[in-house]
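Starting from the known structure of chain A, fit chain B onto it as the hints suggest.
If you're matching them up, the sequences are chains A and B in order. This note's numbering numbers the first residue of the first sequence as 1 and each following residue consecutively. This note's numbering numbers the first residue of the second sequence as 1 and each following residue consecutively.
If you are wondering where the hints come from, they were derived from the structure by calculation, not from laboratory data.
Label pairs and their computed distance ranges (CB to CB):
#: 1; chain 1: B; residue 1: W91; chain 2: A; residue 2: R90; range: 30 to 36 Å
#: 2; chain 1: A; residue 1: G186; chain 2: B; residue 2: L178; range: 30 to 36 Å
#: 3; chain 1: B; residue 1: T34; chain 2: A; residue 2: N59; range: 36 to 42 Å
#: 4; chain 1: A; residue 1: E152; chain 2: B; residue 2: T34; range: 23 to 29 Å
Chain A side only, calculated, beta carbon under 8 Å to chain B, not exhaustive:
#: 5; residue: T72
#: 6; residue: L74
#: 7; residue: R112
#: 8; residue: I113
#: 9; residue: D117
#: 10; residue: F121
#: 11; residue: E124
#: 12; residue: Y126
#: 13; residue: G127
In silico contact screen, one side only, chain A against chain B (beta carbon under 10 Å); selected entries:
#: 14; residue: Y23
#: 15; residue: K68
#: 16; residue: I71
#: 17; residue: L75
#: 18; residue: Y101
#: 19; residue: G107
#: 20; residue: L109
#: 21; residue: D111
Think of the CB as a built atom: it goes at the ideal place given N, C-alpha and C, for glycine as much as any other residue.
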Amino acid sequence: MTAASTAPTNIPAIEAQDLVRTYRTHLGVIRRHSIEVEAVRGISFDVRSGELFGLLGPNGAGKTTTIKMLITLLLPTAGSAQVMGFDVVRDTTEVRKRIGYVFGGEGGLYDRISALDNLRFFAELYGVEPAAQRPRIDAMLDLVGLAGREREKVEGYSRGMRQRLHIARGLLHDPPVLFLDEPSLGLDPVGARELRRTIADLVAAGKTVLMTTHYMFEADALCERIAVINGGKIVATGTGSDLKAVVANRTIVEIETYGVTAEAVDRLRADPDVIAVNTEDQDQSQILLVQSERGTEITQRLIQQLGDTRIGKISAREPTLEDAYVHLIASTGGEDGDSAARAAAVA
Amino acid sequence: MSALSSLRSNVHQVARVWAFTMKIFLISDFFILTAVVQPIIFASIAFFLFQVGGDAAGEQTLLFAALGTGMMGVWSTTLFGGGGAIAWQRWEHTLELLVAAPRRYDLTLLGQTLATTTFGFYSMIATLAWGVLLFGMPLDANWPLLLPVSLLVAVIGLGIMGMLLATTFVLYRHANALSNLLEYPVWIATGMLVPLALLPGWLGPISWVLVPTWAVEAIRGAAIGTEPPWLAIVMCLVLALVYYVAARRILVYVIDKARRDATLNLA
Chain A
1 MTAASTAPTN
11 IPAIEAQDLV
21 RTYRTHLGVI
31 RRHSIEVEAV
41 RGISFDVRSG
51 ELFGLLGPNG
61 AGKTTTIKML
71 ITLLLPTAGS
81 AQVMGFDVVR
91 DTTEVRKRIG
101 YVFGGEGGLY
111 DRISALDNLR
121 FFAELYGVEP
131 AAQRPRIDAM
141 LDLVGLAGRE
151 REKVEGYSRG
161 MRQRLHIARG
171 LLHDPPVLFL
181 DEPSLGLDPV
191 GARELRRTIA
201 DLVAAGKTVL
211 MTTHYMFEAD
221 ALCERIAVIN
231 GGKIVATGTG
241 SDLKAVVANR
251 TIVEIETYGV
261 TAEAVDRLRA
271 DPDVIAVNTE
281 DQDQSQILLV
291 QSERGTEITQ
301 RLIQQLGDTR
311 IGKISAREPT
321 LEDAYVHLIA
331 STGGEDGDSA
341 ARAAAVA
Chain B
1 MSALSSLRSN
11 VHQVARVWAF
21 TMKIFLISDF
31 FILTAVVQPI
41 IFASIAFFLF
51 QVGGDAAGEQ
61 TLLFAALGTG
71 MMGVWSTTLF
81 GGGGAIAWQR
91 WEHTLELLVA
101 APRRYDLTLL
111 GQTLATTTFG
121 FYSMIATLAW
131 GVLLFGMPLD
141 ANWPLLLPVS
151 LLVAVIGLGI
161 MGMLLATTFV
171 LYRHANALSN
181 LLEYPVWIAT
191 GMLVPLALLP
201 GWLGPISWVL
211 VPTWAVEAIR
221 GAAIGTEPPW
231 LAIVMCLVLA
241 LVYYVAARRI
251 LVYVIDKARR
261 DATLNLA
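Bound-form chain A, shown alone (with noise of 0.2 Å):
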């Protein structure tokens, strides 16, 4: 079953026009009320057919509640979507035949049964026909290489085995668009590259893929297009290398410290020559990441505003997109650029 002939060639293949969606909360307990939090706020962007679109933010940014509604689960407040032409909130069956979605983490699956059993259940669930299950299931075991290993129970699997049966699973009606929610999350580095490679090669073979994450490598590496969002907003869209010009003209200085101060950090960004400083924790020290204008030399000045604190290392180097990542993120306030960088450094 195949519903990607279907979709007219000329309409993006996601799109979505001034995207809200608000949660109400309810709050005390013998005084009960509630308030509204805006998660997204007024998300405007299109996918092209065959295109890999990353969605890339801090935790909480909106990624999440985006990509539910644009799968059905969640009602848009504000604005509308189509996915492959059809609306997301008045064509729920013609979208969910047209998707496939994957998501990190633990759950999605039926532990204490084989990854067989549970393909044979969401094949029957995704409108496979009977006779094109077992084909179709062997095919996509096939592609995220758990060929052999189907008849196992999914509690004895890694979580890159199981994260690579949520993709198979997800693409069992072969649906043209596949939306990845981050689909690498907790993955060790050997897992993360061969699902990375997985990926890549869905794309290669034709199908639409948005793809939410908060590791600045994992949407370098893969995606073509890159919408940062931050706080409910987009705050930039455009290839890596469109980000990486908003940091062009500048230099990193990076400053291995021990025990650096929080007034000395603010004494560094009182610098009149300094745009942004950031900071990484590591298990003894922390990083400094010093942004300033290009050609301009501070290093020795920095050293001297840090006054006792202890210095490691010290380097300048050119920008590179996580520094971008980390700059929009930082200069559009809802997560601090300190939390932003731990994401993107965690990749």
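Same frame as chain A, but now just chain B:
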């Protein structure tokens, strides 16, 4: 898709979900323990109670008690499964996947609750076997051909009632606690434990709109009734149909509300 192929496809979906859910139950230690131990306790209590009744506890009375207590176990399993059907999917983080699948979620839920009830019918078998082996209860049915029909109709009726319960539980995170509240009143109100004739008159209308009342009536009628239990069988099916229509309508509403309130994935 023609109506016939659509029907065939829907039946296939329910059957596949039923088989899948049965498989999960059969490897669940917790579910098996509950299903194995509980009916034996129920049956023992009932048989001893009726034995204390002395002369009144004839062979037919013992069978009356056995079928009633068997149905108590079936109802408990149905209720447990109905309440748990949604909660388990939430715990496994599969509820969103099932709801977002292209196939109809009401049929998925129906397959799950039918499986629960089918599994619950082990209670009936265990109770009857317990009665025969330990209490010398005879196992003769007055209408032997209608007995399997009654059992099948009871499975369908209670399965759909489980689905109706499950639909109303979609919105509540603590559906299991709510389902516990319904266990004992239904034992009483549907004549599983004591004959309906002994209950206050005002309970009558409540009993008549509950599927288990007619399911018990149909099974007892086939086993020890003097007349074929056609009325009970038909009523069971009619109520099952009404419950199904209601469940589908409620499900559309609650899923829509869950999409609006973002409560589908709350564990």
